[in-house]
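Trainee: Given next are the chains, with one letter for each unit.
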Amino acid sequence: MDDALLSIENLTVTYDTLAGPVTAVDDLSLAIGPGRAVGLVGESGSGKSTVAGAVLDLLAPGAAIDGGRIRFEGTDLASHDRATRRALLGRRIGSVFQDPFTSLNPAIQVGDQIAEPMMVHLGVGASEARAMTLERLDEMGFARPAEIAGAYPHQLSGGMKQRALIAAALACEPKLIILDEPTTALDVTIEAQIIDLLERLRTEKGLSYLFISHNLGVVRRVCEEVYVLYAGRLMERADTDALFDRPSHPYTRGLLASLPRLQPPHRVKRLSTIPGELPDLLAPPPGCIFEARCPFSAEGCDRPQTIRVAGVRQMTRCHRHAEIAGEAWPSRARLGHDFSRKGFGDALVNVVGLKKRFRMGGLFAGIKLKPGLPPRIVNAPPVVKAVAGIDLVIRPGEVVGLVGESGSGKSTLGRLLLRLEDPTEGAVEYDGLAIERLPQRALRPFRKEAQIVFQNADSSLNPRKTVGETLRRPLALFGIVPARERAKRVGDLLEMVRLPRAYATRYPHQLSGGEKQRVAIARALATEPKFIVCDEPVSALDVSVQAAVVNLLADLRDELGLSYLFISHDLAVVAQLSDRIAVMYRGTFAETGTADQVLSPPFHPYTLVLLASAPRVDGSAMPDRSALLRDAAPGAGAPDGDGCPFFARCPSRIEGTCDELPPPRRTPAKGHAIACHLKLDALPTRFVPAAPAMGAAPGAVASAGPE
Amino acid sequence: MAEASVDLEAAPIAPRRRARRRPLPSSLVAGGLVFAAIILVAIFAPLIAPYPFDEMHIRDRFHAPSLTYLAGTDEYGRDVFSRMIYGARLSLFMGVLATLVSLVIGVPLGLLSGYMRGAVDEAVMRILDIMMAFPPIMLVLLIITLTEPSLWKTSVAVGFLFVPAIARLMRSVCLDLAGEEYVLAARARGEGASYILLREILPNAWPPIIVEGSLRVTFAILLAAVLSFLGFGIQPPAADWGLMIAQARGYIERAPWIVLAPGLAMCVTVVAVNLFGDGLREYLDPRMSARRG
Amino acid sequence: MIAYAAQRLVFVVFILVAMSLLVFAAIYALPGNTAAIMLGQFATPDSLAAMEAKMGLNDNFFVQYWRWASAFATGDLGQSMVMERPVAPILWDAMAKSTILAAASLFFVAVIGIVLGVVAAVRRGRPIDGAIAIFTYLGISVPEFFWGIVLILVFASWFDLLPTMGYASLSDGIGPFLAHLVLPVVTLTLTLIAHVSRMTRSSMLEVLQSNYVRAARARGLPERRVLRHHALRNGLLPSITVLAQDFGWLIGSIVVIETVFAYPGVGRLLIFAIQRQDIPVVLAVILVITAVYALANLAADLMYAYLNPRIRYGRSVG
Amino acid sequence: ADDLTISYTVTPDTLDPAKMKTGVEYAYSLLVFNGLTGYDDQLNVVPDLAESWSASDDLKTWTFKLRDDVTWHDGRPFVAEDVLATMKRMLDPEVGSRMRVNFELIEDMSAPDEHTVVFNLKLPYSTFPALFGGYQARIVPYDHIDTLTTHPIGTGAFKFVEYLPGDRLVMEKNPDYFVEGQPKLDKVTMRIIPEFATATAALEAGEVDIVWDIPPEEQEKLASSSVAHVDFVPTGSWHGIIMHNEKEPFTDKKVRQAVYALIDKPLFAEIAMFGAATPTHSPIPPTSPYFDKDIPIGTADVEKAKALLAEAGFPNGFEQTIYVPAESSAMERLAVSFRDAARQAGITIDIQPIPSDRFFSEYEGKVPLFTTNFYGRTTMDTMLYPWLHSSGSWNNNLWHFSNPEMDKILDDARITTDEETLAGFYKRVQEIVVEDVPGVVVYQLNHANGVHERVEGFKSSPLMWPDLRGVSLKN
Ligand SMILES: Nc1ncnc2c1ncn2[C@@H]1O[C@H](COP(=O)(O)OP(=O)(O)OP(=O)(O)O)[C@@H](O)[C@H]1O
Ligand SMILES: Nc1ncnc2c1ncn2[C@@H]1O[C@H](COP(=O)(O)OP(=O)(O)OP(=O)(O)O)[C@@H](O)[C@H]1O
Ligand SMILES: [Mg+2]
Ligand SMILES: [Mg+2]
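Protein chains in written order, with this note's numbering: chain A, 321 to 1027; chain B, 60 to 352; chain C, 114 to 431; chain D, 256 to 730.
Simulated from the structure, these hints should not be mistaken for lab results. You may find that some hints are simply not true.
Stated by the list, open to error - Just some of the chain C residues that point at chain B, by a computed CB distance under 10 Å:
#1 127
#2 128
#3 132
#4 135
#5 251
#6 257
#7 315
#8 318
#9 322
#10 351
#11 373
#12 384
#13 403
#14 417
What the hints assert, rightly or not - Computed Cβ-Cβ distance ranges for the label pairs, DEER-style:
#15 B/109 to D/484: 36 to 46 Å
#16 B/103 to D/544: 55 to 65 Å
#17 B/82 to A/607: 29 to 39 Å
#18 B/103 to C/126: 53 to 63 Å
#19 B/82 to A/802: 30 to 40 Å
#20 A/642 to B/83: 51 to 61 Å
#21 B/323 to D/690: 49 to 59 Å
#22 C/243 to A/404: 24 to 34 Å
#23 A/758 to C/126: 31 to 41 Å
#24 C/289 to B/125: 37 to 47 Å
Note that the Cβ used here is the ideal one computed from N, Cα and C, for glycine as well.
Could you put together the complete structure from these sequences and hints?
Mentor: Spelled out as structure tokens, the structure:
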């Protein structure tokens, strides 16, 4: 494969840890031709990011390439000196790191970080680079690129940062782009838009991708060819369709089986998983590395393995691939409890009229000189209404799914519920206690009961504490278990989130993205809470771990009556777990209702877009989103007045009404509310644009739908 | 509970058996050993020093280094080498005590004001501004005149002088760290300010504290010298490196050894303390790996 | 932010008031007074009494303070009780000279210190790292007066390259002006550089491990740019604190430097005044130093906010 | 032009001659002002602004005739009114002049004409004219007293130009100086160089011409210099170890004698002053004709000291702190030597340096044990009376010594003009001092200046005054 743009041959990478060397990538070969999109999937911790790091020569300290060659455009990268190799980056090889939260320099405006590589590599001037930056940001679906360019990273939501990073990677249109989980923080509409963009760049400009993702739906959409990694070893390699339709390796099958689906009935079924966990990489088994977890394993599987051909352009590392061909992953799914009939008790969390505003921009943003004698300085920084009036009730044992566009205020809402942020306006009650104005000290009992899994696991873990210390603390703080049992409990918690017990001695920087995420989940569970705000808790997890975690959360809910505010952009996951779903748009709820109500017609026009944009693993075609959305960029909203926030993008908008008056609440059914000026019968019902309902009376009250 | 937690018993307890200890950085070892040696010398000064620190051999004044007087003699004919050894006591005492005082007060103060922000921060910082703008000489003078001066008082005073500097540094570090999400996570857990400060923020703030602390030891020793220079020093004939240098500065040309010996001692101490600090900082950083890429 | 800065500026005034009270009280608390010191051994009860009466030293603390403060507020710095000359010209003269010295030293300390710190961090563990460490530690291994004297001996006495001591005004020509500054500035720089450079090294080490620096490298930015543009901005925060602090330390060191180099600056003026308990001079000098120092810290605080946008002073919106 | 630079370690506190107390101030005032009288090299009183003087027989009325050819630097002629104004100030306690006590014996004064001044004294005083040669007794212009501290005007050889505190004091030639041929220099700059190491380096580099009052430890450096040398002269100034006679344990004469016995004066002079000093018994310097060479200069006698201590009830010695002015390294060495010597008799001494200004106002004369220094005086009476007479001003500030015989001798000496009798008196004074030990005057200092080779005509003066009037520079 000498015409390959990038070819990796027999790459082996080890990390030096206190416990001994960990082989994170073992004898991996991989090739990417020009204009090709190659996927790299696999369980969290299987070495995907390590491969990316090796190609970029940016492995963490303590990592060493113990074998193999990496060639780019025919030359061995190891033969370049540092500077030459560095010069390739950005210009010829672009990259998006897995963690969008820490990959942007907190002290530099986002726009400058994107413009910088252009100025360095393309030699363009500052103003030209700026113009190009705005263009890139525009492509990324930002409504007001200039504002984003002027913002600092901490002022952006997770998805916004991720898009900014993708924009930076694309800045110089490199030949090869390594995308490490580029869509974890993106909501489906933006994800779809970015996937479209990537696709266009590939076909038009011949870019190649190494696409690392656990999101099989996205992989199916983007990639032509997929490599499946497990515990550092290549398990299977195949063209996309072949892989998804005729997976040859048991592990691949397990992954596919773990996927949640969007079809009803929701929340009553458990996801199927791959039981067990990654093998101990300190001492990997000599034979099939997957054997311990493989339902098809048989005698002889403990023999050393080589990779072999399994079909057309398909290779697999399984002794028994021929024998088991066609056998389905055994579904051990059992039904979960169903509380729907019992109903829930009184409100656990009760939110009324909640609002939160932030100011944007740099040190001097918004400072203007007001003419006059003497001239006055006025300080009127631009303000973002992150949460713009939310009413919400969460009852014990209830899971409220929160979906919505990136930057719509989901994380902010979650933080407000836990008083991690002081609301600008409105009330938050927890178990009858008004927490929004209580002093921190009085919140202590509340803190034990209400926990959060942060969207960004990496920065939410103290870099100087081992996993064990991190997990032990809540146990000690709330006296959950006596001191001598804590070590064991830490181990239990780790296992609950599918991590080896030995990880207790690791520091966060020694974990992969998904592993950190799981530690964060374990930490939230450690306090034995009653209510957890889960902010994208599974976004960094591969489907099998995701399934395990979702099942775990579901079990806890069913057995202990836990409540969750479950924030995710993955509708299928949300559907799987939630009793009710709230669709958020620009700080307000566009639609709320039970999972079934929200996921079936009538839809809010925005909900419809979300559903239509969700990637499908079955390979079915996506509906034409352009019919569902106006050209306006995501996040574009009504002009500052009271109008509908979705106005600018809504294909069914009513000029003169939607842009001026706040949308009324329509309630097609009990517990189902849609904030829209459209009359109930005018609301879209299928994935096709509804005809704009002309002359709908503003504020008309819809009758309650059939029960 | 969940199926994920089955067969717990089968799972091996965390494999401590193979865990090896992080290797000590060489700077930590080297600096630590030298510093320990200096401390030992200080403790056992009477046993090591060939002469009492104040014994005069007036006939041998300004004697060049020789076998009798390893580092020569000073203007009274006292053995410079012995004085240097005794000097370690006072200088280290001063340096270490002053630094401890400043750290013990300054670190919590800085942490608090950086974390509390708002009114507490402003109040603490403005008070420190005043403290810091208060000229050291003035303070020392106050102490000397209001009370009979003594080494430990001077050390404590110097420690106080250093408080604002330490506190300000801590505050700036803390301002930065307080914005980290793991701090937010601790707050979400309902941790009190003291835990957050001591267990979440402080461990990440060690590097600047260590660097600052080891430099402060040096500065305190130097300040003692400067005080001697300005006439507010240790009582003669006590040997203190700073005082030795201050008093011998007039003989730099005639008898350079009188200055060089304590200078060298200070130099070694400074390098050892700071090397130790560098090493400690490295050792405490989990991300610094023994193996470098 | 502007409002915050304005607020802080107002606060500087408060600091000055507090400081003046403090100093006044301190001097008041000291045994003896200017009259006693001026008369020294020769004090006879009648002359001491007469002199105290003339100087108003017998008045109540608040009367004395008020007398001084009301004049000070109108810009009258008063008269030196010892020298019996107006304080203002003496103070500004000394201040101007010290400022030149301090500013030049601070400049070199900042530039060289930061550069050395960055180089040491980037080359961590290499020989150059060690060499920089030794060099910077050498500067603080012996007191500044020692370096001052050695430098004088070597450069002024033995090689006769530079003037030994003193000060030349700009009107004496730029050459002599600079020549007189070289040795004191070098000495001060030598003693201060360790602090800045070690702190810079430490914070740079931290920053260099960060993900965003890795990301910047992944964008193919030349290492220089990564360092200067990405790492330094964040790594500089503690260095700024240290520089602002060293400003205070500098004022202490400057006394020594001024003594060794016979440089007529504000440090020696202060010592002179303190030793004689010359209240108007002590107060004027300390207040000016305090003001400068408070402004330096204000500048440092604003600088943080500039370098680290996550830090916001004042209240958040809403 | 002939510009001479002379260095001092401290800056003048004041430019007002009446209030002066340091060497740098004296040097300036002696260049810019004149007294009525002055001293020659042998410390004989000679005319200055006064041409001549005469006393009444009872030594109580003194008449001074003033020169009529003297003008102030602003051109106004010098008149008797200037003298009266000066002396009035001198006696005003508000001014706080050091010499007020000396002049307090003036009953009244008058100016019969423009060039005559008459003083009536309260008591007879034989050396009254010598007082006018004193450092503070400079005559100032009656019409410019207000500006004395900012722009002094005098009659001296040099005119004041500018004073930059902490930096320099500049004076220029007074072309109208009343002594023919003086001054020779065009300009004199007094530079303040606090550090002697710097000053000597500057001297060698030619940046200064004279380093005033160079301490013994610095003199060595110049010994090998090719461009400068040390010029020195013995003085009447002394260093002493002072015991407060009214404070324990020094109330006991035996203790004082023990201390005296411990002090090896030649050794102490060697250690403290590197030999640039002469051991002595009393304020009377060895250079004086009255010095008693027959009294042995003590070398230590530890056994005797121990015996005395035992008799006094201190067989095991005692503990005591000795205070020293911090800025003087020589006195510190003196204290260190004393500490070493005292230890041999079991006395434990703590040395406590105190910043000078504070030392002189707070410690000296108030603590039991301290070291101090005194400038030499010009007459026997001023040298002895204040220190040893029980009503003497210094005595009350120092050792609080009282001996009736001593009082009588000193009183008598004041009204005696007969040399023979005086010599007898002063011999007895020295004997009493050694016997009774009010305190220990250890040695008389040399006054030394570092002088650049290009300076001509400079001679160190026992009054420590750098007389630059006749000095010139080689080119
Ligand atoms: N610095 C390190 N030191 C030690 N072990 C490490 C280090 N970094 C990663 N590892 C380990 O190496 C393995 C592979 O990590 P890698 O980050 O490549 O996984 P990944 O496939 O990207 O996972 P994810 O999907 O969760 O991001 C993991 O088991 C991880 O724990
Ligand atoms: N500290 C802050 N300062 C200024 N603006 C902020 C701040 N935090 C959030 N915002 C803004 O508030 C809005 C909502 O942010 P939030 O993080 O809640 O979005 P999100 O729905 O969680 O998005 P994502 O799915 O991308 O994580 C965004 O426009 C963001 O820029
Ligand atoms: Mg990864
Ligand atoms: Mg978010």
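Trainee: Please go over all the hints and tell whether each is borne out by the structure.
Mentor: A quick look at each hint next to the structure:
A cut of 10 Å between beta carbons decides the hint on residue 127 of chain C: the least distance to chain B is about 7 Å, and the hint holds. At its closest, the beta carbon of residue 128 of chain C sits 6 Å from a beta carbon of chain B; the interface hint therefore holds under the 10 Å criterion. The interface hint given for residue 132 of chain C holds, since its Cβ lies 6 Å from the closest Cβ of chain B, which is under the 10 Å cut-off. Taken as an interface hint, residue 135 of chain C checks out: its beta carbon lies about 7 Å from the nearest beta carbon of chain B, inside 10 Å.
Interface hint at residue 251 of chain C: satisfied, since its Cβ lies 7 Å from the closest Cβ of chain B, which is below the 10 Å cut-off. The interface hint given for residue 257 of chain C is met, as the beta carbon of that residue sits about 7 Å from the closest beta carbon of chain B, less than 10 Å. For residue 315 of chain C, the interface hint holds, since its Cβ comes within 10 Å of a Cβ in chain B; the closest pair sits about 5 Å apart. Against a cut-off of 10 Å between C-beta atoms, the interface hint on residue 318 of chain C holds, since the closest Cβ of chain B lies about 7 Å away.
The criterion of a C-beta within 10 Å of any C-beta in chain B is met by residue 322 of chain C, whose closest approach is roughly 5 Å, and the hint holds. With a cut of 10 Å, the hint placing residue 351 of chain C at the interface with chain B holds, because the nearest CB-to-CB distance is about 5 Å. For the restraint placing residue 373 of chain C at the interface with chain B, the shortest Cβ-Cβ distance is roughly 9 Å, inside the 10 Å limit, so the hint holds. Here the hint on residue 384 of chain C is kept, as its CB sits about 6 Å from the closest CB of chain B, short of 10 Å.
Taking 10 Å as the C-beta cut-off, the interface hint given for residue 403 of chain C holds, the closest approach to chain B being about 4 Å. With a least beta-carbon distance of about 6 Å to chain B, the hint placing residue 417 of chain C at the interface is held under the 10 Å criterion. For the pair residue 109 of chain B and residue 484 of chain D, the beta carbons lie near 39 Å from each other, so the given range of 36 to 46 Å is met. With their beta carbons about 59 Å apart, residue 103 of chain B and residue 544 of chain D fall inside the hinted range of 55 to 65 Å.
Distance hint check for residue 82 of chain B and residue 607 of chain A: the Cβ-Cβ separation is about 34 Å, which falls inside the suggested range of 29 to 39 Å. Restraint check, residue 103 of chain B to residue 126 of chain C: a C-beta distance of roughly 55 Å satisfies the suggested window 53 to 63 Å. Hint check: residue 82 of chain B to residue 802 of chain A, Cβ distance near 35 Å, so the stated range 30 to 40 Å holds. Under the hint 51 to 61 Å, the C-beta atoms of residue 642 of chain A and residue 83 of chain B, about 54 Å apart, fit the expected range.
Separated by about 51 Å at the C-beta atoms, residue 323 of chain B and residue 690 of chain D satisfy the suggested range of 49 to 59 Å. Hint check: residue 243 of chain C to residue 404 of chain A, Cβ distance near 29 Å, so the stated range 24 to 34 Å holds. A hinted range of 31 to 41 Å holds for the C-beta pair residue 758 of chain A and residue 126 of chain C, which are about 37 Å apart. Judged by the Cβ atoms, the range 37 to 47 Å given for residue 289 of chain C and residue 125 of chain B holds: they are separated by roughly 45 Å.
Figure legend: structure checked against the earlier numbered hints; every hint is met.
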